[in-house]
Amino acid sequence: MEFQHFSHKHPLFFREIIPKKDDGDEKACPCDGCSEVISGAFYGCSQCNFFLHKVCAELPRVIEHPLHPEHSLILRERGMRTCDACRNGCTDFTYACSPCDFDMDLICASLMERKIDHPSHKHQLTPVRRRALLFCDACGEEHEGMGYQCTTCVHFWIHRDCASLPSTIERSDHRHPLTLSYTLPSPYANFRISCNICRKRLRPIYWVYYCGKCRYFTHVKCAASKIEPLVHGSSSTWPTLARNAGKELPSGGV
1 MEFQHFSHKH PLFFREIIPK KDDGDEKACP CDGCSEVISG AFYGCSQCNF
51 FLHKVCAELP RVIEHPLHPE HSLILRERGM RTCDACRNGC TDFTYACSPC
101 DFDMDLICAS LMERKIDHPS HKHQLTPVRR RALLFCDACG EEHEGMGYQC
151 TTCVHFWIHR DCASLPSTIE RSDHRHPLTL SYTLPSPYAN FRISCNICRK
201 RLRPIYWVYY CGKCRYFTHV KCAASKIEPL VHGSSSTWPT LARNAGKELP
251 SGGV
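If you're matching positions, the sequence shown starts at 1 in full-length UniProt numbering and goes up one per residue.
No lab work stands behind these hints: they were computed from the structure. Hints are not guaranteed to be accurate.
Below 30 Å or equal to it, Euclidean Cα-Cα: the simulated DSS-like pairs (lysine-lysine) are [unchecked claim]:
no., residue 1, residue 2
1, Lys200, Lys221
2, Lys54, Lys115
3, Lys115, Lys221
4, Lys122, Lys54
5, Lys9, Lys122
6, Lys9, Lys54
7, Lys200, Lys213
Since the model is a prediction, treat every value here as computed from it, not as a measurement.
Work the whole structure out from these sequences, hints included.
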């Protein structure tokens with residue numbers, strides 16, 4: 001089946017068998033659209049070493065995208081560009097708006113269509129790649145790579161690992177399951193509370209794992225670690241609580 005692609009001057013032919021070297025091994029054929037090695041059906045040029053994954057060859061030429069709602073985005077051939085979604089350099093196919101000088105790589109263009117509903121936030125979150133541009137609103141640490149951003153609030157962003165945290169976990173150093181909370185639980189928010197694992201202070205605006213029965217709290221990162229508390233199983237493993245303005249410490253249970 002012959003196919004004329006806008007990015008190449010010669011017609012392309014559909015193939016299902018990867019070309020072989022002289023020794024019989026399959027060639028490592030990178031796709032000229034996304035740079036990933038081709039392992040399945042593809043389109044190839046019989047006159048030169050130009051190859052496209054079937055899915056890359058059949059990408060729509062024009063898309064509408066929520067991160068650039070003003071204009072349609074047009075599929076462009078390879079070139080040196082910067083993705084305006086993740087700020088990473090890109091030499092592969094991109095979707096672009098020429099009047100706005102806006103470019104988006106294929107990964108961001110495809111992933112961002114799959115929004116998620118997350119219980120930590122009132123708006124839907126859009127997948128986006130970041131190069132350590134933002135602090136995660138879940139754990140408070142700076143991250144790069146894939147995360148989820150609110151395009152309504154703009155400044156809300158959580159990285160992928162935090163977005164997939166389980167609602168409850170178990171640790172060998174605590175006898176009860178720990179529950180994920182998207183802020184420090186309200187009965188404890190006005191007190192100075194330290195992580196039972198690393199002993200550093202917990203900030204009320206970030207996510208924590210806690211046990212309401214024992215008043216046991218940890219950073220989400222520490223909860224997944226193998227670090228043991230300084231004194232295992234004694235009352236000294238409880239959080240350090242500094243009473244504010246003479247307030248009494250809340251009783252166990254949240």
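Structure-based check of all given hints:
Among the hinted pairs, Lys200 with Lys221 is consistent with the structure: their alpha-carbon atoms are about 12 Å apart, no more than 30 Å. At roughly 25 Å between alpha-carbon atoms, Lys54 and Lys115 fall within 30 Å of each other, so this suggested pair holds. Restraint check for Lys115 and Lys221: satisfied, since their Cα atoms lie roughly 25 Å apart, inside the 30 Å limit. Among the hinted pairs, Lys122 with Lys54 is inconsistent with the structure: their alpha-carbon atoms are about 38 Å apart, more than 30 Å.
Simply put, Lys9 and Lys122 have alpha-carbon atoms about 49 Å apart, too far for the 30 Å limit, and the pair is violated. With a CA separation close to 18 Å, the supplied pair Lys9 and Lys54 stays within the 30 Å bound. Among the hinted pairs, Lys200 with Lys213 is consistent with the structure: their alpha-carbon atoms are about 21 Å apart, no more than 30 Å.
The structure shown violates the earlier hints numbered 4 and 5.
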